[in-house]
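Chains as they are written, first to last, in this note's numbering: chain L, 36 to 241; chain X, 36 to 241; chain A, 36 to 241.
Please keep in mind that the hints were generated in silico from the structure rather than gathered at the bench. Keep in mind that the hints are not guaranteed to be accurate.
Since the list gives no way to pick out one identical chain from another, each pair is judged satisfied if it fits inside one copy or across any two copies.
Unchecked claim - Heads up, simulated SDA-like pairs for lysine to any residue below, C-alpha to C-alpha not over 25 Å straight-line:
| no. | residue 1 | residue 2 |
| --- | --- | --- |
| 1 | 65 | 208 |
| 2 | 65 | 207 |
| 3 | 65 | 230 |
| 4 | 65 | 177 |
| 5 | 65 | 121 |
| 6 | 65 | 178 |
| 7 | 65 | 235 |
| 8 | 65 | 131 |
If you want the building blocks of each chain, they are given just below.
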Amino acid sequence: MPSAEMTLFVLGLAGVAVFSVSGVLAVGHKQLDLFGALVLGVVTAVGGGTIRDLVLGLDVFWVVQPVFISAAAVAALLTVAAERLVSVPRRLILFADAAGLALFSVLGAERAYDTGSGYVIAAVMGLLTGVAGGMLRDVLAGEIPLVFRRELYATAAMAAALTYLASRAIGLASVPAMVAGVAIGLAIRLLALRWNLGLPVYRTRR
Amino acid sequence: MPSAEMTLFVLGLAGVAVFSVSGVLAVGHKQLDLFGALVLGVVTAVGGGTIRDLVLGLDVFWVVQPVFISAAAVAALLTVAAERLVSVPRRLILFADAAGLALFSVLGAERAYDTGSGYVIAAVMGLLTGVAGGMLRDVLAGEIPLVFRRELYATAAMAAALTYLASRAIGLASVPAMVAGVAIGLAIRLLALRWNLGLPVYRTRR
Amino acid sequence: MPSAEMTLFVLGLAGVAVFSVSGVLAVGHKQLDLFGALVLGVVTAVGGGTIRDLVLGLDVFWVVQPVFISAAAVAALLTVAAERLVSVPRRLILFADAAGLALFSVLGAERAYDTGSGYVIAAVMGLLTGVAGGMLRDVLAGEIPLVFRRELYATAAMAAALTYLASRAIGLASVPAMVAGVAIGLAIRLLALRWNLGLPVYRTRR
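So here's chain L without its partners, still in its complex pose:
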């Protein structure tokens, strides 16, 4: 495996693991059974990339490389087990989720861009990859997806994807462009959490 591909592989595994952990923790108050919590962790981790690959007409990444779904399942299992022993601080969960969000948004845009999509589709795929797994989890757990309400959540995903694509457009190589995208996405989300920033609420006139 060449080193750029290896970098993507390792980052992808990290993103899957982090999102699986945050997915399991997010359903902790829903009275699901243990297996249900594991499944929702895995769905959170691989859902966004699955929809992205289907829409782009690519082979689904975890069917080609089953280690991704195994990693998600192991991360979910370890989360359930670890929680019996220690209490996970809420700030750590939010940071992990923000890191996963920025990473997935960049990886999603990268995958679309490198398989020949233009900028519009690549940006949409970045957003989709970042937010769709969590949306799927929320819908399956009977909740309105947080992405539509939480502090600059989808906005951070979009910014991460756009930063990556803009960096590529001005000639940066893939890895530095990814670093830039993740940094911007993570910064926006963490600042929004810190100062409780959000977009205005949309309301139709009566």
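Following the hints, position chains X and A against chain L.
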């Protein structure tokens, strides 16, 4: 682009724009943030056709022609902006949505039929294309899809698709068959709204 | 059609019919209209296999063989009609649903395994095929999917798929392996219903 294809392209753009507008307006009471409202407008507009293309094994239409997703996004943005200035009458919204429904149902049946599907699959795809975008929007907004309850909503979609297919079966060309399908679908939906018609409610015996 | 393929075809039709019946009956208290109840029966019946085929990159089974979707629609129609005449005992519904669950899980694992997937993916596809149709129905009806809560529901699906795959791994032919998988899955689900067995509930620490 030959003229029949051009007609389909223009009608498709019109359908996407109309459904994006009605999608944004439909979530106006859900306390979503601005970006969430835009995303749900776009999802309403392209969701049905996306699922149709995936199930038929075709390239997803807006990935091939990104102008469709751009049009949906622009229509959603304009809706949000316009609403700050004027109040959109409810009757106009319902009419636009009915027009989109009839149009998408016919276009969905047409796409399946012209890519080689038989009548059963083409009818299912018409129904799916007409109603799935709105269903996806409702699920993501935390509601039971209106399609299962509203006055002859799915019924109008099915009638539009079947009228189109029957017209083709008796030898009509594509464009007149589409006109017939849209006319029937639109008429059923508007009459149902006017006189508050609906199917009986289904209830299991205790 | 060779006889092994014929067996799969007949079992698939039976599974689709049974799940369509249980899908219609499951939404009997949701105040949907008649057409909505039919659609949700069909969705329950073909939803799991549809997602499986999409993720595996195969042609969707009911697009290739529309008789499957016709069978689902007919079964749903007959259910609505029959219910006007007789009251269906709850135990019969639960048994039919358990049989469909075990059957679909085995057929899902079989389809993945026979098209070249390894054991991990085949097991995931078994689980997915067994439970996703019902999950989709619940989401569309505005409920948290029962699969995450009900007595060993997903567990029975997973056990059926794993039994099938283990039987193949030790050299059994497809049909006896399927019998073994269905028997185990059905037994687990029925025993869980009989004695009200379930997995522990997952709860995060505060």
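The hints, checked one at a time:
no.: 1; hint: 65 to 208; verdict: neither (43 Å within a copy, 42 Å between copies)
no.: 2; hint: 65 to 207; verdict: neither (44 Å within a copy, 41 Å between copies)
no.: 3; hint: 65 to 230; verdict: between (28 Å within a copy, 24 Å between copies)
no.: 4; hint: 65 to 177; verdict: both (9 Å within a copy, 15 Å between copies)
no.: 5; hint: 65 to 121; verdict: within (20 Å within a copy, 37 Å between copies)
no.: 6; hint: 65 to 178; verdict: both (10 Å within a copy, 13 Å between copies)
no.: 7; hint: 65 to 235; verdict: between (28 Å within a copy, 13 Å between copies)
no.: 8; hint: 65 to 131; verdict: within (21 Å within a copy, 28 Å between copies)
The structure fails hints 1, 2 (numbered hints given earlier, in ascending order).
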